[in-house]
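Participant: Produce the entire structure from the sequences given, and follow the hints as far as they go.
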Amino acid sequence: MRFCAPLWSDQKRSGLIGGFSVSRYLFWFLAFGEMLSLPSFGEMPEATRLFPPGGMQGRTVTVKATGKFPVWPVSVWTDRSQCQWKPLAESGTFEVSIAAQEALGVHLIRLYTPGGSTAVRRFVVGNLVEFNEVEPNDKRSELTLQTEIPAVINGILSKSGDADCYLVRLEKGETLIAHVDAHHQLRSPVDSTLELIDARQSIVIRNLDASGLDPRIVYHAQHSGDFIVRVFGFPETPDSTIGLAGGDGFVYRLTLAKNSFLSGVLPLAVSRTSDTSLVAVGWNLPEAVKKILFKTPQDTTDQKGESRKSPIVISIPGIAGQAVVAIVENPVVTLSEPTQEAIHTAQTLPGTFSGSLSLPGQIAVHSITAAKDSRWIVSFESQSLGYSIDPMLSLVDSDGKVLHANDEPSPTFVWQVPAEGQYKILISDRQRLFGPSQMYRLSVQPETPRVVIKTDLDRIATEVSKPTDIVLQIDRQYGFKDPLEIVFLDAPGSIQAMPVVSLPEGDTSKKVTLTFSVSEPFSGPVRLVARKQVQMPSPDSLPTVFPVVCGPEGIVSLWIASEVPSVAK
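The opening position of the sequence shown corresponds to residue 36 in the numbering used here, with each subsequent residue numbered one higher.
The set of hints was computed from the structure by calculation and includes no laboratory data.
Per label pair, the in silico range of CB-to-CB distance: (1) Pro270 - Ser429: 33 to 39 Å; (2) Leu279 - Ser237: 15 to 21 Å; (3) Glu183 - His439: 48 to 54 Å; (4) Glu177 - Lys546: 50 to 56 Å; (5) Lys546 - Gln236: 52 to 58 Å; (6) Ser176 - Ser429: 50 to 56 Å.
For lysine to aspartate or glutamate, the following DMTMM-like pairs were computed, each having C-alpha atoms within a straight-line distance of at most 20 Å: (7) Lys546 - Asp517; (8) Lys501 - Glu78; (9) Lys293 - Asp233; (10) Lys103 - Asp283; (11) Lys207 - Asp233; (12) Lys174 - Asp197; (13) Lys459 - Asp442; (14) Lys207 - Asp261; (15) Lys567 - Asp510; (16) Lys330 - Glu364; (17) Lys516 - Glu482; (18) Lys545 - Glu520; (19) Lys194 - Glu170; (20) Lys194 - Glu177; (21) Lys407 - Asp434; (22) Lys501 - Glu555; (23) Lys436 - Glu455; (24) Lys407 - Glu482; (25) Lys194 - Asp173; (26) Lys436 - Asp408; (27) Lys546 - Asp491; (28) Lys174 - Asp261; (29) Lys293 - Asp261.
Even for Gly, the Cβ is constructed at its ideal location relative to N, Cα and C.
Facilitator: Structure (structure tokens):
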């Protein structure tokens, strides 16, 4: 993670109080006096959106944070290392310099002051040239031709009834791929729709949900002409409103491409222990770029020495689209060349399997071997990864007997093997759909006890010396029965808390409250962990320390800000 200090930050670390220097406080007090004293208690910064919500590798972009900033400039925390956020003179405005080799994909951002931090926001780094929408753009007469393609256009459905339009030129035989990233990547509260409209004002193609709530259209031009790509949306959660929706958070990224588009790679996972050969999947990809060798990073730990679990984002230079792959410990396997019933040779477990339904009505068959009475967690992902399979999954034995069937969007179930032998997992799409968007990842892992500890909060503002509560939910899975002690891991000495214990049974098995206090002003991230209360390390090499995940983004740090109340200043 990285902290980007504002222009007024001290370079030396001496004289710090909770990460902020005494001299800095004195500067603000003397410079502004009673007109702008130290921020009063509770005045945390707020950022409701970032716009544009992303930028291109190697470029510098001006980003506006909409919200409330009682103190300006602010500092910036980010979970990546090479994005430089520089606050400008105008409140809420930043110059963001993105390194040419900066990691692609979602970056998590906080804006913070001595008074606290904003909620975590998302900023996306891509590999294509980017533009911002230019209003008005509701009517054909208001549009200018989008000549630079492939490209990403950042937009906002800013009010009810808003629909954004973009004009593109297609020659006969060209393929247009248009894709909206809003709900899945940006967490925007919008259910988007994409339409392509020809010169006669006829809707040529429409899509609502190619990737979860995010749409994609693929159109092969039957004639040359100008076409309008129209974006509009509805609330993520349906309400009584009739009509198109919009609002401050209805931000999107529209990717426009002609002919080539990367939708994913196979396999959709890479091994942490060895290099992985990947095959690019998409529309009209040149053969020369389809084979990708992913080399295992030499450094697979973060700056605190923990294993990196963040997914890897892969792209092809000059081609639109990105592929997100997981990092796994076990071998990865890809479905063989497509046939009507594509079958793997039998694989031993555990394993992570990937495939694509590329033929109409195709059934993917994964053959596995397993020992009697072994227990496995079988999980399937497609829509949760941004793909489109509406799955029908079944597990059958060597005689064809169905042992388990599931048609949920992202099924997970426990399988106890009845007898040693060979089994098959069959995957198909309910609508018999096929193509580059019909990709999936299947994981078969041993059933081992596990626990997830989380809090709904990702930031807290409190007063110096005031006891403050953190409510923690504990989800004990697959027979996890160990007592847990929950503590701060790396907090400064000014943060004091008695450990809280979660027992295997009773009320504390599911929820506990940790009470802490801070003895002096502080503003910064801290981590909570749960430790098994065991005398000896686990003989089965299971972990004994578990991170507490915080807030809707599930990050492993909680921002705590404590100040002296205004009346006491």
